[in-house]
Amino acid sequence: MTRYLVNRVLGMLLVLFLVALFTYMVFFLLSPDPAVQICGKTCTPERIDQIRANLGLDDPFPVQFLHFLEGLFLGRDYGTGASAVHCSAPCLGYSFQSAQVVTDMIVQRLPVTAVVAIGAAVLWLLAGVIGGLLSAVREGRFTDRFITALTLGGMSVPNYVLALALQYVFVVQLQWLPFPQAVPFADDPGQWFLNFILPWTVLAIGYASSYTRLTRANVIDTLSENFVRTARAKGLRPHLVWRRHALRPALTPIVTIAGMDFAGLLGGALITETVFGINGVGKLAADSITKNDQPVIMAVTLLAAFFVVVGNMVVDLLYSAIDPRVRAGATT
Amino acid sequence: MSISSTELEAAGAPDNGALVAATDPRRSVWHVLLRDPSAIACLVYIGIVVLMAIFAPLIVKVSGWGPYDFDQTAIDPNLGGIPLGSFGGISADHWLGVEPQSGRDIFARIVYGARASMLIAVGATALTTVLGVVFGLLAGYFGGRTDMVISRLMEFLMAFPALIFMIAVLSALPADNRQYLLVLVISVFGWPYLARIVRAQTMSLKQREFVEAALASGASRTRLVFTEILPNLRSTILVMVTLAVPGYIGTEAGLSFLGVGVVPPTPSWGQMISSSVGWYSVVPTYFLVPGTFLALLVLSFMVLGDRVRSAVDPGGR
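Top line first, the protein sequences correspond to chains A and B.
First residue of the first sequence: 1, per full-length UniProt numbering; consecutive thereafter.
First residue of the second sequence: 1, per full-length UniProt numbering; consecutive thereafter.
Please note that the accuracy of each hint is not assured.
Here are some chain A residues pointing at chain B (derived, C-beta under 10 Å) [said to hold, decoys possible]:
no. : residue
1   : L18
2   : F27
3   : Q167
Have a look at the derived ranges for each label pair, beta carbon to beta carbon [what the hints assert, rightly or not]:
no. : chain 1 : residue 1 : chain 2 : residue 2 : range
4   : A       : A99       : B       : V122      : 42 to 48 Å
5   : A       : S98       : B       : G80       : 31 to 37 Å
6   : A       : H239      : B       : L34       : 39 to 45 Å
7   : A       : Q108      : B       : G80       : 34 to 40 Å
8   : A       : L194      : B       : P264      : 31 to 37 Å
9   : B       : L184      : A       : V314      : 31 to 37 Å
10  : B       : V282      : A       : L236      : 54 to 60 Å
Calculated from the structure, these hints are not laboratory results.
These numbers come from a predicted model, not from an experiment.
Glycine included, each C-beta is placed from N, C-alpha and C at the ideal position.
Chain A with its partners taken away, still in its complex shape (with noise of 0.2 Å):
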């Protein structure tokens, strides 16, 4: 078992340092001099050639890239003598706009979306087990299509679509819910909750229903098994049977599939923080990438990386200690 941890933790950080060294490779050969950037508009060379050796830009790649990696393990000192500036341990640079501390950027902003992303998961693995568990046991009858045409329809209208023609109804039409502003949880929580059912919902419907669909084909393979027979013939009631037998094998993979899912939600939040004007990281990560801030998008990047990986590795050791074979097979 510590033989196999030890080549997962190892595999995470090789493909997180290559996630690093290909993206700062991109913006490397792809951006604009972003010391002309910094200077804005009263600039003069001297004050860009200051800039350039200050951030270490005139550096051939592999020397930068190789301060980007000290920054992030131990910090790093920019300029020299009485000028230079430490930014510690996980420093991921200064922003190219505002000059903030990237890391604090993120740190600040970080608590803002775990709020939607756990909010939009609580609700979809709700909905979706649930929903296909109704599926399941009314197989073929009204419910079961109706549901399932539902599933369909919520994957395939695309989650800012339903944003912009969920937020005409409630809020402009019907007026049920507020138009979605920033208000602060400790100032009025009922306003906080309000505001953020929207976003919840968006983000939440297109995971919901593919698994109601995944739960649905789930249970249904799981009635037709013998043990579940087996309940019947007993004379278990129904429900008993659903929710003793038929859910809890069913849920195992869905389970594992959600953790994968919820380490990736960092790209969906996106657009949903995007549309609904939310300031978390996915708005953090479109509006930087719209000034072309390079340090924060390396930023963001990394850490949806870094999210992404933990969150397969975490989802694979689960696995491996309820199942040993996967542990057999991987590390061959």
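Following the hints, complete the assembly by docking chain B onto the known chain A.
Below, chain B alone, put in the same frame as chain A:
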């Protein structure tokens, strides 16, 4: 908007028995599909969109307004340029209304927008299929070091935060030839999902008696791969590809929505929705029209993919 890996995984793993049993999947698939009303409806809608894309200049001549023509008479300059008339200015002149402020004809832009959607979806599908099949076959057939290198590459690409990275790369690259770049970027991150399944199937097919028999009778490697293994993968590839198309359409629209896709003034559905964001409360038809076209296209491909899957593998769900 992203391709749900769970769906593809569940879809791409039909029984091997069913695979080998289907001798000519294409013919039987057509037979089954043409007896299914919902599959026919989907095919009809997809057909309409394809025709719209091909004959866009002709259609626009009939409807009277080009996608780049400004019609100042259709909007109300005193009210910030909202379209005159109800439902976003739908009239005999402008069949689906006009854009607020510019007064461009929405029908014409939808017709031309179909070009972007179809072109990119078809291009990305073709490229991912080629990449996925070639790499999947290589990894599955040769195994060993080849397999290790390709598998690691696939793991790496699948761990990549694809959407964020696509946006970042596209925003950094120059805007000309965006269509080709979109196809390239979508394909680079899309092929591992197909390759993974092709690889697994190739590995199990390789062990089968008929492949061993061919090998024993002296068939060359190339012959073995192309005449023994590839034909047996056809139905898997068909299912995977049909199920992947809606994902690519969604991705293209999403990227255009975020402003890094098709460059204005060339219209695309995602981009039209994006420009309607500021108007959603005043002129709801502005986002509803492209949104409906887009959602229906994705839906059609999804239902079709479902039907193809059950036609290929009747034992599955």
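Open item on the list: Tell me the numbers of any earlier hints that the structure contravenes, in ascending order.
Closed with: none
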